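Respectively, the protein sequence lines represent chains A and B. When we follow the numbering used here, the leftmost residue of the first sequence carries the number 1, and every step to the right adds one. When we follow the numbering used here, the leftmost residue of the second sequence carries the number 1, and every step to the right adds one.
Hints were generated in silico from the structure; no laboratory data involved. What you are looking at is a predicted structure, and each value in this text was computed from that prediction instead of being measured. Every residue, glycine too, gets a C-beta built ideally from N, C-alpha and C. There could be a bad hint or two in this list.
Straight-line alpha carbon distances no greater than 27 angstroms define the calculated DSSO-like cross-link-like pairs of lysine-lysine that follow [unchecked claim]:
(1) B:186 <-> B:150
(2) A:189 <-> A:424
(3) B:328 <-> B:190
(4) B:120 <-> B:186
(5) B:206 <-> B:161
(6) B:62 <-> A:385
(7) B:190 <-> A:52
(8) A:65 <-> B:190
(9) A:52 <-> B:328
(10) B:186 <-> B:206
(11) B:186 <-> A:65
(12) B:303 <-> B:241
(13) A:440 <-> A:353
(14) A:385 <-> B:268
(15) B:186 <-> B:202
(16) B:120 <-> B:303
(17) B:186 <-> A:52
(18) A:65 <-> B:202
(19) B:328 <-> A:65
(20) A:189 <-> A:278
(21) B:269 <-> A:385
(22) A:385 <-> A:52
(23) B:120 <-> B:288
(24) A:189 <-> A:353
(25) B:150 <-> B:190
(26) A:424 <-> A:353
(27) B:161 <-> A:65
(28) B:206 <-> A:65
Simulated DEER-style distance windows between Cβ atoms [stated by the list, open to error]:
(29) A:25 <-> B:265: 46 to 52 angstroms
(30) B:332 <-> A:382: 27 to 33 angstroms
(31) B:200 <-> A:353: 52 to 58 angstroms
(32) B:186 <-> A:313: 45 to 51 angstroms
(33) B:161 <-> A:306: 33 to 39 angstroms
(34) A:288 <-> B:146: 48 to 54 angstroms
(35) B:49 <-> A:306: 26 to 32 angstroms
(36) A:288 <-> B:216: 29 to 35 angstroms
(37) A:177 <-> B:238: 53 to 59 angstroms
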Amino acid sequence: MPTTIAESARTTLTKGARNQRVIRGVLNGAVTIVAALALIPIVYLLVRSSEKSVNEIAQLLVRPKTLEVLLTTSALVFGVVFITVSLGVALACGLHFVRLPMRRILIIPAVLPLAIPSYVFTYTWIALIPEFSGFLAGVFILSVTTLPYVILATLAGLRTVDGAQIEVARSLGLSIPQTFRRVVFPQVKGHISAGALLAALYTISDFGAVSLLNVETLTVTIQNMYRASYDRSAAAVISLVLIAFSTLVVLADEKVKQKSPDEGMVKLYSTKNSLINKAWLRVAVIAVLAVFSLVAVVIPFFVLISRFMSNRVAIQWGELASTSISTILVAAFGALIALVLSAPLGIVLSGAKTPTGRYAQRIITIGHGLPGVVIGLALVSIGSKLGALYQTTFLLAFAYALLFLAKAVASMSSSLSRVPTNVKDVAATLGMNQWQVIKKVVTPIAAPGIGLGTILVFLTAMKELPATLMLRPTGFDTLATQIWSAAAINRFNEAAPYALILVLVAAMPTFLISRPDKSDRTFIQENARSQK
Amino acid sequence: MSNKFRLAALAGASALFLSLLTGCSSSNEQAQEVTELTVYSGRSEEFIAPFFAQWESESGIKLNVRYGDSAELAAQILEEGSNSPADLFLSQDAGSLGAVAEAGLFTELGADVASEIPAKFVAANRNWVGVTGRARVFAYSPERLKVLPKSVTDLTSSVYKNQLGIAPTNASFQAFLTALINANGKEFAKSWLEGLQANGVKIYPKNSAIVEAIDRGEISIGLVNHYYVWEVSEALGREVKVNVEFFEPGDLGNLINVSGAGVMASSKKYAATQDLINYLTSVAVQQKFVTETHEYSLLEGAKAPADMPALAQIGAPTVDLNSLKDIKATQDLLIEVGLL
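Using the sequences and the accompanying hints, generate a full structural model.
Structure follows, in structure tokens:
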């Protein structure tokens with residue numbers, strides 16, 4: 001045969017390069033489409049803002065109130081990030097490094113608060129302590145509500161740290177705090193920052209808690225302008241201020257991540273670290289978790305149930321069941337759409353840094369700080385022109401996907417970047433095509449993290465209210481709308497069963513999140529098998 | 001989990017979703033004879049659903065009711081414009097109706113619609129009609145508040161320092177403030193608001209929160225609608241320690257506001273919507289509102305809710321409700337003094 005080995009290698013390579021180019025083109029195209037979808041609310045705000053004259057806009061921006069609200073928002077975000085990061089990292093380290101009984105169960109109460117709508121949570125605290133109000137109360141409530149984001153993100157990071165490194169550091173004489181600072185922290189700070197970013201954006205976009213506690217953030221001002229003045233363009237101008245603020249937060253997070261070590265260094269699988277076996281640490285971790293679950297789950301439920309008992313009404317079981325099912329279905333469908341939409345961007349972001357990827361991620365993340373009412377109205381504005389599609393469960397699920405896309409993208413890209421490029425290359429040289437590589441190499445490593453992101457979207461979608469009220473099919477109820485309609489006329493006793501179900505439903509996927517150790521191990525076993 | 005299982009689960013979920021989707025989209029189909037109406041209701045399901053159910057059984061027409069906050073539903077209708085699927089908008093307050101009317105999205109109602117409702121409770125251009133009345137009052141703690149105010153303007157007095165609660169985002173409060181601006185000018189209203197702020201006024205997200213705050217002793221007096229003490233007592237399952245009182249006759253603090261309804265210009269079901277409005281404003285149903293929701297009937301000579309004076313005896317100020325539709329200036333003022 002005339003063809004030499006070198007020649008055939010070259011043709012394979014050029015063919016491979018062409019394939020690569022096509023794939024990259026398709027990916028970038030897909031990313032652009034997703035970014036365009038995520039831009040809908042921002043474009044909507046620009047259009048609405050442009051209805052005001054430059055003069056009016058300037059007046060809105062320079063009034064003392066705007067500055068005051070901006071300061072309150074920044075202080076609140078700073079406070080919440082400070083508390084969630086210190087407490088969340090400590091708890092995550094405790095859960096990861098300390099030998100604990102029933103570790104998988106222990107993580108559940110740390111994640112459950114994700115399922116409780118912040119207005120229900122706040123209400124129960126006000127019912128318990130009438131004077132509960134103001135800035136510090138806001139920091140408290142939002143820290144408790146967003147702590148799970150930091151715990152989960154940090155735990156995900158800690159799982160990528162090689163236990164062997166820690167053992168080497170310890171044998172070289174570093175103390176536990178020193179080991180953490182010099183070996184562990186530099187490897188997980190990107191993850192911590194990702195969790196803190198979610199906490200910060202949640203704080204920026206929250207309405208329920210801050211409005212009940214009389215803390216006026218940008219979101220409260222925006223919502224007040226919509227609710228009370230029908231002044232959509234003034235609300236849009238303030239929303240743009242909020243977007244500017246979210247942009248700063250997102251850039252800060254990027255800054256932290258830039259200084260993180262090269263992601264390419266991530267190992268194929270990490271040696272399990274040996275667990276710290278100290279009684280006082282064990283007690284401390286369990287005690288902190290117990291206090292946290294008391295504050296975040298037990299007390300709210302105690303208040304709701306006691307309110308229910310004091311003014312008992314017959315529970316409508318049929319309605320409760322059908323509402324639960326439709327909530328689960330539409331939230332799951334939203335999470336599924338988010339998963340699909342986040343895939344191309346996740347793949348792009350996990351590879352070499354490209355401007356398309358960077359801008360798309362920024363747009364999606366910044367939009368995550370917008371209050372639900374803004375995204376709801378933006379989608380009403382466009383959706384109402386779509387005829388039969390408007391106010392269908394499909395559009396509602398799609399809205400959930402857009403609202404919480406940032407969560408899905410974050411987990412998707414960080415999970416995919418755990419897959420080392422050289423392993424993919426090796427698989428390719430062994431004759432696997434792109435799809436085989438994705439199926440046999442990428443998916444097993446990245447699946448647990450991607451699953452976590454999907455579940456986060458699912459949990460948040462289940463309790464979403466403002467966009468749900470506007471976009472749901474007429475007559476369609478979710479657990480959150482049922483809680484709202486009882487709470488709107490102060491009947492928290494009637495809201496109790498729905499709130500209980502919401503948390504019970506949330507507990508199930510939470511249990512799945514809490515077991516990624518298992519999938520890690522399966523992967524290691526599978527790998528060991530394939531190596532034989 | 002095996003891949004097969006995952007696939008099956010996925011297929012199952014999609015099938016369920018599809019059935020959901022088709023189940024819900026049938027409402028969009030055009031029918032020759034009117035069999036369904038779509039109502040956007042800013043009024044709470046708990047209170048209004050029984051009325052809707054009765055009309056459904058009487059008319060044989062199915063109601064698809066979309067519940068929401070009145071102001072948010074109005075904002076939604078403004079965004080939807082002529083594409084709105086709504087046939088009728090039932091609002092908690094005249095302000096939301098005014099905003100939709102202003103945008104030209106309501107149709108003019110004929111003289112035979114709600115003909116018994118006095119003209120002062122109907123939009124001048126007949127774009128909407130009042131359905132029930134709610135009076136502005138002050139709620140107070142009889143234990144702690146010894147000096148009752150005679151006028152809203154008394155509330156800036158040091159007697160009420162740190163004792164007063166208001167809900168500036170509430171539509172009824174804004175309607176009252178609009179009346180105050182219209183009657184006495186913007187400067188007067190501004191100095192009144194600043195007087196309240198200097199007097200340590202406490203801000204609440206809604207009326208019921210004010211009543212609860214008085215009940216638990218946080219404040220002693222608050223500006224609310226008349227039925228909230230009843231509503232909060234119902235919700236808590238006990239009588240709250242809060243009374244309701246009117247200011248002196250003619251004081252703007254005794255303003256009567258209405259919940260009301262308008263028909264969307266984009267609706268093709270005018271006859272059916274008109275029938276629904278006539279039902280809601282009929283004598284029997286009006287009386288039912290009085291007993292079931294503790295609101296005022298708007299019909300002449302109707303009975304008042306329990307423990308309340310008759311509508312004519314309140315000493316309500318003479319305020320043209322149409323003049324309250326421009327809440328833009330009110331909003332700007334609230335924004336200017338920093339209450340919004």
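Hints versus structure:
1. For the hint linking residue 186 (chain B) to residue 150 (chain B), the alpha-carbon distance of about 22 angstroms falls within 27 angstroms, and the restraint holds.
2. For a cut-off of 27 angstroms, the pair hint linking residue 189 (chain A) to residue 424 (chain A) stands: about 26 angstroms separates their Cα positions.
3. Distance hint between residue 328 (chain B) and residue 190 (chain B) is fulfilled; the C-alpha atoms sit about 15 angstroms from each other, no more than 27 angstroms.
4. For the given pair, residue 120 (chain B) sits about 24 angstroms from residue 186 (chain B) by alpha-carbon distance, which is consistent with the 27 angstroms threshold.
5. Simply put, residue 206 (chain B) and residue 161 (chain B) have alpha-carbon atoms about 20 angstroms apart, close enough for the 27 angstroms limit, and the pair holds.
6. Of the pairs offered as hints, the one joining residue 62 (chain B) and residue 385 (chain A) holds, with about 25 angstroms between alpha carbons and a cut-off of 27 angstroms not exceeded.
7. Note on residue 190 (chain B) and residue 52 (chain A): the hinted pairing holds, with a Cα-Cα distance of about 24 angstroms set against a maximum of 27 angstroms.
8. For the given pair, residue 65 (chain A) sits about 16 angstroms from residue 190 (chain B) by alpha-carbon distance, which is consistent with the 27 angstroms threshold.
9. Of the pairs offered as hints, the one joining residue 52 (chain A) and residue 328 (chain B) holds, with about 14 angstroms between alpha carbons and a cut-off of 27 angstroms not exceeded.
10. About 24 angstroms separates the Cα atoms of residue 186 (chain B) and residue 206 (chain B), which keeps this hinted pair within 27 angstroms; it holds.
11. Only pairs whose Cα atoms come within 27 angstroms are accepted, and residue 186 (chain B) paired with residue 65 (chain A) is accepted, the gap being roughly 19 angstroms.
12. Restraint check for residue 303 (chain B) and residue 241 (chain B): satisfied, since their Cα atoms lie roughly 25 angstroms apart, inside the 27 angstroms limit.
13. With a C-alpha separation of about 24 angstroms, the suggested pairing of residue 440 (chain A) with residue 353 (chain A) holds against the 27 angstroms cut-off.
14. Only pairs whose Cα atoms come within 27 angstroms are accepted, and residue 385 (chain A) paired with residue 268 (chain B) is accepted, the gap being roughly 18 angstroms.
15. With a C-alpha separation of about 22 angstroms, the suggested pairing of residue 186 (chain B) with residue 202 (chain B) holds against the 27 angstroms cut-off.
16. Between the alpha carbons of residue 120 (chain B) and residue 303 (chain B) the distance comes to roughly 19 angstroms, so the proposed pair stays at or under 27 angstroms and holds.
17. A C-alpha spacing of about 23 angstroms is found between residue 186 (chain B) and residue 52 (chain A), which places the hinted pair at or below 27 angstroms, so the restraint holds.
18. Under the criterion of a C-alpha separation no larger than 27 angstroms, the hint pairing residue 65 (chain A) with residue 202 (chain B) is consistent with the structure, at around 17 angstroms.
19. Proposed proximity of residue 328 (chain B) and residue 65 (chain A) is supported: the alpha carbons are some 18 angstroms apart, at most 27 angstroms.
20. Taken as a hint, the residue 189 (chain A) and residue 278 (chain A) pair is honoured in the structure, with Cα atoms around 25 angstroms apart against an allowance of 27 angstroms.
21. A C-alpha spacing of about 20 angstroms is found between residue 269 (chain B) and residue 385 (chain A), which places the hinted pair at or below 27 angstroms, so the restraint holds.
22. Of the pairs offered as hints, the one joining residue 385 (chain A) and residue 52 (chain A) holds, with about 24 angstroms between alpha carbons and a cut-off of 27 angstroms not exceeded.
23. Distance hint between residue 120 (chain B) and residue 288 (chain B) is fulfilled; the C-alpha atoms sit about 22 angstroms from each other, no more than 27 angstroms.
24. With a C-alpha separation of about 19 angstroms, the suggested pair residue 189 (chain A) and residue 353 (chain A) falls inside the 27 angstroms cut-off, and the hint holds.
25. Between the alpha carbons of residue 150 (chain B) and residue 190 (chain B) the distance comes to roughly 20 angstroms, so the proposed pair stays at or under 27 angstroms and holds.
26. Under the criterion of a C-alpha separation no larger than 27 angstroms, the hint pairing residue 424 (chain A) with residue 353 (chain A) is consistent with the structure, at around 17 angstroms.
27. Simply put, residue 161 (chain B) and residue 65 (chain A) have alpha-carbon atoms about 23 angstroms apart, close enough for the 27 angstroms limit, and the pair holds.
28. About 21 angstroms separates the Cα atoms of residue 206 (chain B) and residue 65 (chain A), which keeps this hinted pair within 27 angstroms; it holds.
29. Distance hint check for residue 25 (chain A) and residue 265 (chain B): the Cβ-Cβ separation is about 48 angstroms, which falls inside the suggested range of 46 to 52 angstroms.
30. Residue 332 (chain B) and residue 382 (chain A) have their C-beta atoms about 29 angstroms apart, which keeps the hinted 27 to 33 angstroms range intact.
31. In this structure, residue 200 (chain B) and residue 353 (chain A) meet the distance hint of 52 to 58 angstroms, their C-beta atoms being roughly 55 angstroms apart.
32. Evaluation of the 45 to 51 angstroms hint for residue 186 (chain B) and residue 313 (chain A) yields a pass: the beta carbon distance comes to about 47 angstroms.
33. A C-beta distance of roughly 35 angstroms is found between residue 161 (chain B) and residue 306 (chain A), which places it inside the suggested range of 33 to 39 angstroms.
34. About 49 angstroms separates the C-beta atoms of residue 288 (chain A) and residue 146 (chain B), a value consistent with the hinted range of 48 to 54 angstroms.
35. A hinted range of 26 to 32 angstroms for the beta carbons of residue 49 (chain B) and residue 306 (chain A) is consistent with their spacing of about 27 angstroms.
36. Residue 288 (chain A) and residue 216 (chain B) have their C-beta atoms about 32 angstroms apart, which keeps the hinted 29 to 35 angstroms range intact.
37. The given range of 53 to 59 angstroms is respected by residue 177 (chain A) and residue 238 (chain B), whose C-beta atoms sit roughly 54 angstroms from each other.
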